[in-house]
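Going down the list, the sequences are from chains A and B.
Per our numbering, residue 24 is the first one in the first sequence, and the count goes up by one each step.
Per our numbering, residue -9 is the first one in the second sequence, and the count goes up by one each step.
Derived from the structure by calculation, the hints contain no laboratory data.
Some hints here could point you the wrong way.
[Claimed, not checked] On the chain B side, residues computed to face chain A include the following (Cβ under 10 Å):
id: 1; residue: LYS3
id: 2; residue: ARG14
id: 3; residue: VAL19
id: 4; residue: ASP21
id: 5; residue: ALA27
id: 6; residue: GLU42
id: 7; residue: ARG52
Ideal Cβ positions, reconstructed from N, Cα and C, are used throughout, including at glycine.
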Amino acid sequence: MTLTNRLIWPAVTILGTVSFGIVALARGEPVNAAWLVVAAVCIYVIAYRFYGLFIANKVFRIDPARPTPAYRHNDGLDYVPTNKYVLFGHHFAAIAGAGPLVGPVLAVQMGYLPGTLWILAGVVFAGAVQDLTVLFLSTRRDGRSLGDMIRGELGPIPGAIAGIGILLICIIVLSVLALVVVMALKGSPWGTFTVACTIPIALLMGVYSRFIRPGRIAEMSAIGVVLLLASLIGGQYVAADPVWGSFFNLTAPTLALIVIGYGFVASVLPIWLLLAPRDYLSTFLKIGTITLLAIGIVVVQPYLQMPSVTRFIDGSGPVWAGSVFPFLFITIACGAVSGWHALIASGTTPKMIENESQLCFIGYGAMLMESFVAIIALIAASSIHPGVYFAMNSAAGIIGTDPAHAAEVISNWGFTVTPDMLTQIAHDVGETTILSRTGGAPTLAVGMASILSGLFGGKWLMGLWYHFAILFEALFILTTVDAGTRVCRFMIQDLAGNVVPAFRATESWANNLIGSALACLLWGYFLYQGVIDPLGGIWTLWPLFGTANQMLAAIALIFCTTVLFKMKRHRYAWVTLIPTVWLVVCTVTAGTQKVLSPNPTIGFLAHAQRFSEAIDAGKVLAPAKSLAEMSRVVFNDYVDASLAGVFATIVLLMVWFGGSACLRALEEPRVSAVEIDGAVRGAGDD
Amino acid sequence: MVRSGGRAMTRFKLVCERVAETARLMVGVPDYKTYVAHREAMHPGKEIMSYEAFFRERQEARYAVSKGRLRGCC
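Just need the whole structure built from these sequences, with the hints factored in.
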């Protein structure tokens, strides 16, 4: 270590500790968010330098002399050796999405501290480790996908089980993300108009880049952004117009049907027309807005108005049900650890890595960056008034639809708020009401609007900033919905193709239509169920989404641990084993509680039983309004319970397959991992 | 003075190029110059796609899920 190094690292450690101490120990008065930012950055820097590099160099023994797939298969298209900063940007843009923006916002109901601690500990010891390990293993296997690698190292049956898990997570992700958009747009003509405008704008961009000026990404994106901003400003006047305002003022069920129909059309149309241009627009807007928000927080330095820990730590919270363990750890998935990243880290990135020595920077580093996005979202949500936060995130079934009543309920929880404050904030952001705008996106939008209007524009621009934030989230969520529907369609075709081989032909129009319709039906079912759920849908579906995502992370980490054993690096297997055990415990506990808990707010079966008993007695329980609705609630409960059960079972099966593969590897005298390009280098015990 | 100014200019240009390259790769279009250089060096005499054809090929490939490409959700 050089002298500078000897001085810098202790200084970073002290700075981090002091900042964290201020955040954690503050009692009574609000803490400045800057301390949280400083603490997080110090932790990231230390974790990268001392843990990330340790994993790359000591555990994997990365070999800078080994040619990467980018060189061995260089074709200038899929496999291209790419500058590490460029690839970092690509990888970050691929992993960052709605997850790190929504989960932390929902977790704030327990105060800012529990979420912060999990985001930081989770990313350092689980999330970034998973991303780095999968990226490393895929780079050593020609950039093969997670499913392929599991089939190769664990066998065809675990491979098939993981495949089913991936299809299920896709369906749940799509329905939950679509639900977030629906909840943000219901009864909001301004937002709905702006988001609706993205469709003709994308079509125009598609035609432009196909026929008018082929392949000019910068030009068409610039045109798209300008038109988008015009529609954002115009939305205000459309909303105020008596005719058009009511035309775009839609209820949640109507919006849900529109989104499902949109997903179908976007999946069927040629990709250059709608899907690709939307993707360009949303990617650039996403990166730009996240950067802007980060700058905003650093400059404005808002105070965290939410207490560090609220009374809802006991599991009685109105946003989602359940206690800290295990439910906090599945509520915040992305930002701490996200199974979805295992799919991306085994996608295009490993095919473009220039050198194995850059794995840590891209794999571990990009995940730290995503975690920072999660911290930013958490700060934005904690910086708004707690009363406003709970008014926005509690379902109508809990706080009612009248500001006076909502203010009374929330004040009784100990977060004093007046009806005037609730109507004033709605007025400030240009909406008629902010009550029960669940799903996290509107809360983040209010937080962003108050931070960004502090940076630029003042209070009179708050409505514009709010709708800009809604637009930015809706835009990239809807892009995920179209791209995800296509993914689902291909997976369904592949799965059904085992029975009806003709269904596999992806070029066939009939297959395209049937496959897309099936995919939309599957996620649309859960979306619609969530929309008509009087508890707001997020309450029911977000825990299922979190469980699914963490299930995938558990599968990926089990796979990583198995390969470390097969490489004879089991001395260091604790690196992936610790997060594996934690995620398995969390997902299995959460899955079991969701099915079996006797508390009807948590357990689906207990909830179903309560409603069944009421049906037998001929009683209608609120929030259902008729006996038919009651039966639907019971049916949905059984569907959700089965899903939660399936998730827990998949994890347990994978534990069994992974565990037995590890034991076999231990007995094996030699290295048994299958790397492409000859012998497994750098493997074996020290 | 002139030289160091020139060097700063070159550096600035390089950074701009890298940023543009990153933005294009974010939406799935790798560097065209690299592709052309690769074809010329490794497959001399063989056909090289025009930028328009290259762009279309990459656009199709980005969403061709059957190749195991899945992208951002969270």
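Self-check item: Indices of hints not satisfied (ascending)
Solution: Number 1 - this is the single hint that the structure violates.
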